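*Asks:* Quick note, the sequences are listed as chains R and Z, same order. Numbered by the working numbering, the letters in the first sequence go through residues 1 to 474 in order. Numbered by the working numbering, the letters in the second sequence go through residues 1 to 66 in order.
Bear in mind the hints are in silico, worked out from the structure with no lab data behind them. Treat the hints loosely; a few may be bogus.
Derived BS3-like pairs (lysine-lysine); straight-line CA-CA distance at most 30 angstroms [stated by the list, open to error]:
#1 R:K376 to Z:K41
#2 R:K21 to R:K325
#3 R:K379 to Z:K41
#4 R:K377 to Z:K41
#5 R:K325 to R:K165
#6 Z:K41 to R:K243
#7 R:K325 to Z:K41
#8 R:K324 to R:K396
#9 R:K396 to R:K450
#10 R:K165 to R:K396
#11 R:K20 to R:K171
#12 R:K325 to R:K20
#13 Z:K41 to R:K10
#14 R:K21 to R:K379
#15 R:K450 to R:K376
#16 R:K20 to R:K196
#17 R:K21 to Z:K41
#18 R:K243 to R:K171
#19 R:K243 to R:K377
#20 R:K20 to Z:K41
Quantities reported herein were computed from a predicted structural model and do not represent experimental measurements.
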Amino acid sequence: MSKENSAIAKEVSFGFLPVKKSERAFGFFDLLFIQVGIGISCFGFLIGGYTGMILGAKESIAAILFGNAFPVLLIMPIAIFFARYGVDTFIGFRSSLGYRGSNLLFGLFAVLNLGFITIACFMSGEAAAKLAGVLGAGEFLGSRSSGGPIFAVLGFLLAVYVAYKGPVAIKWLNWIGVPAFLLVMVGLLSLLLFGKGLDSVFALTPATPYETDARSFATALELNIGLGFSWLVYIGQYSRLAKTEKIAFTGGFWSYGVLVNVAAILGALCALTVGSLDASEWMMSIGGAVWGLLGLVLLIVGNITGAVFLVYSQAVSFKTVFPKKKWLIAIATTIPAIILMISPSFYDAYGTFISVVSYTMAVMGAIIITDFFFVKKQKITVKDLYNQYGAYQYWKGINPSAVISFVMGTIVYWFLYNPVADSASGLFAYLTAGLPTYFISAITYYICAKYIFSYQADLAQTPQAAARLDEKTG
Amino acid sequence: MQKQDFIQENMQSADPFVSQLFHELNDRVQEFADQNHAVQKIAWSDTVVPLIIMALITFNLIMMVL
Numbered sequence: 001m002s003k004e005n006s007a008i009a010k011e012v013s014f015g016f017l018p019v020k021k022s023e024r025a026f027g028f029f030d031l032l033f034i035q036v037g038i039g040i041s042c043f044g045f046l047i048g049g050y051t052g053m054i055l056g057a058k059e060s061i062a063a064i065l066f067g068n069a070f071p072v073l074l075i076m077p078i079a080i081f082f083a084r085y086g087v088d089t090f091i092g093f094r095s096s097l098g099y100r101g102s103n104l105l106f107g108l109f110a111v112l113n114l115g116f117i118t119i120a121c122f123m124s125g126e127a128a129a130k131l132a133g134v135l136g137a138g139e140f141l142g143s144r145s146s147g148g149p150i151f152a153v154l155g156f157l158l159a160v161y162v163a164y165k166g167p168v169a170i171k172w173l174n175w176i177g178v179p180a181f182l183l184v185m186v187g188l189l190s191l192l193l194f195g196k197g198l199d200s201v202f203a204l205t206p207a208t209p210y211e212t213d214a215r216s217f218a219t220a221l222e223l224n225i226g227l228g229f230s231w232l233v234y235i236g237q238y239s240r241l242a243k244t245e246k247i248a249f250t251g252g253f254w255s256y257g258v259l260v261n262v263a264a265i266l267g268a269l270c271a272l273t274v275g276s277l278d279a280s281e282w283m284m285s286i287g288g289a290v291w292g293l294l295g296l297v298l299l300i301v302g303n304i305t306g307a308v309f310l311v312y313s314q315a316v317s318f319k320t321v322f323p324k325k326k327w328l329i330a331i332a333t334t335i336p337a338i339i340l341m342i343s344p345s346f347y348d349a350y351g352t353f354i355s356v357v358s359y360t361m362a363v364m365g366a367i368i369i370t371d372f373f374f375v376k377k378q379k380i381t382v383k384d385l386y387n388q389y390g391a392y393q394y395w396k397g398i399n400p401s402a403v404i405s406f407v408m409g410t411i412v413y414w415f416l417y418n419p420v421a422d423s424a425s426g427l428f429a430y431l432t433a434g435l436p437t438y439f440i441s442a443i444t445y446y447i448c449a450k451y452i453f454s455y456q457a458d459l460a461q462t463p464q465a466a467a468r469l470d471e472k473t474g
Numbered sequence: 001m002q003k004q005d006f007i008q009e010n011m012q013s014a015d016p017f018v019s020q021l022f023h024e025l026n027d028r029v030q031e032f033a034d035q036n037h038a039v040q041k042i043a044w045s046d047t048v049v050p051l052i053i054m055a056l057i058t059f060n061l062i063m064m065v066l
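In isolation and in its complexed conformation, chain R is listed as follows (with noise of 0.2 angstroms):
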């Protein structure tokens, strides 16, 4: 076995058994740190570009804050489930979900995964094209719409290049692109601060806000409700790490619900001082000439690497859950991604697609923390997570009060708002979205798997009740 081969099987190993106490690698900071570096991205920079777009500096501040904060703490105790029992993001849905519905749920992570992948590279592709044309490549290749979806495509290839060579290859391109992203920052925020001057920036209106404060700011604060609920399939993997329950949850919530906020209200700032979405123009704007063409630079590498995380958590997911596929085939999964890049459309559409986020994973969110902590009263059992023939076989391996929960979520949420066509409801602007759809998923699935369905199962597991269930289900 190669070097690369026997990296990624080592992977797969450790994403696949349950990690051992003396395996549990990970203390607060150790937890903060990585979870940030990944947090930190261009996925904050648009969500923040967009809330700057509709609202000003102070309000931006306030709806990303808490629009990022509040879901995040809503799904952030379901660390403590893979803390405790160190099982991967995949593996341990299937107590609520079943061993057949938690395979859906994959499924739609890499559908939403592809579409992450393309924000990812399309950025990229964008800036590239930006730096084509002021380095006089012509017209076509300097073009958002013909240049940018090339340069995204190759940033695509390269990305699944790296991903397919595993690990080793990983390590190196992480200690470039995860600093660029860095400096990207930095740099904006001081040219910001010294260049600008707070107040100024502060003191600017938003370039596009909807037809009232109250539209414009219960939908900035759904596009970042989007982005914190987005985090649920993520907090797994490294939450399995940690070395305690506290440690998992707290850190969970310092990094994705409050640290990695740096980098939207960054954005949001951006696109207030600017008056564009376009990340790149930001950096032609604000830093000029000469590092304007850096930021651009560093904005490509930060971006592919970006791409290459994804690409690599999507086939390492797809290998957690299929142990039997090839990794070419894992890698492959990702390839669908390039029909999105081949025009910005996608890309203009991240707002729209994030909601849709919102909504799927509000839902989820809601149904895996009631099952676990409400309906289980936090008893599960490793081996039945892995025992595809066990106890959480629910209706042919799916949960029907998941199911049930999904349609009343998605009802809810499409009544609320309808992020395609981008029309509200007059609730909206006091309820948004994304949070009555949490809490009233949540009641469903508690009324359903308490006294509709009430599997063997969702009774609280002590060890004489597995034992009967084991008998039954034997």
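Mind docking chain Z on chain R? Use the hints.
*Replies:* Same frame as chain R, but now just chain Z:
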């Protein structure tokens, strides 16, 4: 009727990677059942700081809206 066991089935796999993986899994599942890998549990008091931060952020939001 003999109870089906997904882990036992895969321990017999012809693919050495899968077989070895499920053997290791079987050992670990037993160790978890024996409570050998229990980490320190969280207490309500551990959530105080995040809750205070959340309260401050919410207060800031309310002040902004009013």
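*Asks:* All the hints need checking, so say for each whether the structure fits it.
*Replies:* Consistency of the hints with the structure:
no.: 1; hint: R:K376 to Z:K41; verdict: holds, 17 angstroms
no.: 2; hint: R:K21 to R:K325; verdict: holds, 28 angstroms
no.: 3; hint: R:K379 to Z:K41; verdict: holds, 13 angstroms
no.: 4; hint: R:K377 to Z:K41; verdict: holds, 14 angstroms
no.: 5; hint: R:K325 to R:K165; verdict: holds, 17 angstroms
no.: 6; hint: Z:K41 to R:K243; verdict: holds, 10 angstroms
no.: 7; hint: R:K325 to Z:K41; verdict: violated, 36 angstroms
no.: 8; hint: R:K324 to R:K396; verdict: holds, 22 angstroms
no.: 9; hint: R:K396 to R:K450; verdict: holds, 19 angstroms
no.: 10; hint: R:K165 to R:K396; verdict: violated, 37 angstroms
no.: 11; hint: R:K20 to R:K171; verdict: holds, 24 angstroms
no.: 12; hint: R:K325 to R:K20; verdict: holds, 25 angstroms
no.: 13; hint: Z:K41 to R:K10; verdict: holds, 29 angstroms
no.: 14; hint: R:K21 to R:K379; verdict: holds, 19 angstroms
no.: 15; hint: R:K450 to R:K376; verdict: holds, 10 angstroms
no.: 16; hint: R:K20 to R:K196; verdict: violated, 52 angstroms
no.: 17; hint: R:K21 to Z:K41; verdict: holds, 13 angstroms
no.: 18; hint: R:K243 to R:K171; verdict: holds, 23 angstroms
no.: 19; hint: R:K243 to R:K377; verdict: holds, 22 angstroms
no.: 20; hint: R:K20 to Z:K41; verdict: holds, 15 angstroms
Checked against the numbered hints above, the structure breaks hints 7, 10, 16 and satisfies the rest.
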